[in-house]
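**Student:** Produce the entire structure from the sequences given, and follow the hints as far as they go.
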Amino acid sequence: MSSGDIFRNAKDEGRAALVGYLPVGYPSVEGSIEAMRTIVAPGDGPGVDLVEIGAPYSDPVMDGVSIQHAATRALERGVRTSDVFRAVEAVNEAGCGVVVMTYWNLVERYGVDRYAADLAQAGGAGLITPDLTPDEAETWMAASEAHGLDRIFLVSPSSTDRRLSMTLDACRGWVYATSLMGVTGTRTQVASSAPELVARIRQVSDIPVGVGLGVSNGDQAAAVAGYADAVIVGSVLVNEVIEAERTGGDAGPGLRRVVADLAAGVRRPGVGAP
Amino acid sequence: MPIPTEPVRLPDAAGHFEAFGGKFVPEALQAALTELEAEFTAAQADPEFVAELDRLRREYSGRPTPITEAARFGQEHCGGARILLKREDLNHTGSHKINNVLGQALLTRRMGKTRVIAETGAGQHGVATATAAALMGLECRVYMGKVDTERQALNVARMQLLGAEVVSVEAGSQTLKDAMNEAMRDWVTNVESTHYLIGTVGGPHPFPMLVREFQRVISTEARAQMLERWGGLPDVVAACVGGGSNAMGIFYDFIGDTSVRLLGFEAGGEGVESGRHAATITSGEVGVLHGMRTYVLQDEDGQTIESHSVSAGLDYPGVGPEHAWLAHTGRAEYQPVTDDEAMDALKVLTQTEGIMPAIESAHAVAGARRLALELAAAGEQPTILVSLSGRGDKDVETANAWFGLTGRADHTSGGLS
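Order-wise, the sequence lines are chains A and B. Residue numbers for the first sequence follow numbering that gives the first Met the number 0, so the first one is 0 and each next one is one higher. Residue numbers for the second sequence follow numbering that gives the first Met the number 0, so the first one is 0 and each next one is one higher.
Think of the hints as simulated: they come from the structure by calculation, not from any bench. Beta carbons are placed, not taken as given, at the ideal position from N, Cα and C, and that holds for glycine. A couple of the hints might just be wrong.
Partial chain A-side listing against chain B, Cβ under 10 Å, derived [said to hold, decoys possible]:
(1) Ser57
(2) Val60
(3) Met61
(4) Arg79
(5) Arg108
(6) Thr132
(7) Glu135
(8) Val154
(9) Ser155
(10) Ser158
(11) Arg162
(12) Thr177
**Tutor:** Right under this line is the structure:
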């Protein structure tokens, strides 16, 4: 199933979808898979609708300190590209849709077509590519077509109209709208540039829109759910895992609390995407 | 692939040097890169911009830089080869970095931006950027790996005196590549007010082209000087290669001169076989790093491998895409020079010529000497033009530690104790 369909199903329920990011390999491969299972099925209430698995990379230029920290530790502890597929499989088995967020060199090194084949085989729906735009994506366009995978490119408040249209045409599944000019990380307010960007997208395309960067609580999620098809959260989840490692505790309770708040946020009456 | 025989018309419109280069950056930066390219193209065609850059080069930086014959060094240590030094060390701020910085700072002003950021390894590019920022009234922040702030403390102080803010980057390997990551993050966040003043012929298009064009003045001058003063073209042009800006600068106008061998010397660190080096072209593989497709030191999964070099300015696991292309076509050759060879060359050149090269530039001196001795064994005494890209003052502390000098006087004289 295309990850865009997950957003459409949520929309049929009159709400936005919730996408949760966690990097594989932090605090360990097993520990990260456990954390992914927790955000998928937190227990009492609903969990995330789609998991975005982060592939740790040595030079993550789009990531702020939390995700950098997790990636550095994961690499020190020996995480490999094959672990990404293991995690995809585990989330898929837990009954949740899953996409991978990866910097491009990791895909090229693995072999673009081989990566696509293994991702599809593991049950992954597609890739989010922060440093690959359609300009350089010829091989990825072909491989994603061949293996039926979603191509989730980023658009930004600084995207020109021409680039916006070009990128939306190249996307398959949905588009990742970065709410502001910056890198990943929690912020006290979601930027006002986000609704403007989503409105610009809606003018030229009916592709589902996920909004990310800076969302960290239920109120922010509810606000974004008012104009987007999906709310993407990452650093706030990673912070729970970091905190658990720091205190020697279990990340489970913190993740459950955060996901419950966010999942309630996207379900607040009257906030469903127009 | 045929070896290019005339001035190169690359990159193409998408920033590709055939299989290399390109723009692998977040969408958020695409508009800024397009703006930069358009502004650069317009500036090159604007006589006022060209005249202002020319004036700054002459009156501020001190260009043209001379060519000095290293006669004793050539006779006594290079088998009689004629070694000619293109003296970029005599530029204001002590290296070729100012050539690029003056151009980009003028572009920054032209774009109406008020703030520049830069990455730096040895600190030469950071100092040059801080200098141009002071000159033109721009706010300036320099990112520098924590390891480099320690081994180049003098340059940190220079930047601070010039009014720049220096950020010590503690992520990753804490060297040049991590400083570049952090500068990219700053740029993504502040692109409206800020120009990222990249210091080498690397990064996403248009930087490799733009920095090459600002550094090209080195070979434009040198080629004319060779023809007018030194009896013709050199047999060999030699330069050190980290990211590769001084090398691109001194190679470029000679690319069409097929009789001239172009030799780039990479940092071989403790030896390529040791794994502790920065010889990217010699032992890297094609990948994507910092917005460009080029040779990268990387592991089986595509994670960047930390580079090692006694020279902070060459301690980088990638290389400019045009060098990757020149290597691929065979037009230029690239060889590693170890820490030992470079430091020995630094000492020998200093003591035979009274010219103390930066450790970066000492790699080119060492490579030229090695080549000269090989050719001497075959009965040849070539003319080798060496890019002396920077002066060694910043490296005195490293050199002291390397040679076991104490900084104390050799003898005492006078006084009753």
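**Student:** With reference to the structure, classify each hint as holding or not holding.
**Tutor:** Here's how the hints hold up against the structure:
Taken as an interface hint, Ser57 (chain A) checks out: its beta carbon lies about 4 Å from the nearest beta carbon of chain B, inside 10 Å. With its C-beta approaching chain B no nearer than about 4 Å, Val60 (chain A) sits inside the 10 Å limit, and its interface hint holds. Residue-level restraint check for Met61 (chain A) holds (minimum Cβ-Cβ distance to chain B is 5 Å; threshold 10 Å). Because the beta carbon of Arg79 (chain A) sits about 6 Å from the nearest beta carbon in chain B, less than 10 Å, this interface hint is met.
With a cut of 10 Å, the hint placing Arg108 (chain A) at the interface with chain B holds, because the nearest CB-to-CB distance is about 3 Å. Nearest Cβ of chain B to the Cβ of Thr132 (chain A): about 5 Å, under the 10 Å cut. The hint holds. Among the interface hints, the one on Glu135 (chain A) holds; its C-beta lies about 5 Å from the nearest C-beta in chain B, closer than the 10 Å criterion. Annotation: interface hint on Val154 (chain A) holds; nearest CB of chain B at approximately 6 Å, less than 10 Å.
At its closest, the beta carbon of Ser155 (chain A) sits 4 Å from a beta carbon of chain B; the interface hint therefore holds under the 10 Å criterion. Restraint check, Ser158 (chain A) versus chain B: the minimum CB separation of about 6 Å is within 10 Å; hint holds. This hint holds: Arg162 (chain A) has a C-beta 6 Å from the nearest C-beta of chain B, less than the 10 Å allowed. A hinted interface residue such as Thr177 (chain A) counts as satisfied when its beta carbon comes closer than 10 Å to some beta carbon of chain B; here the least separation is about 6 Å, so the hint holds.
Hint compliance for this structure: every hint is met.
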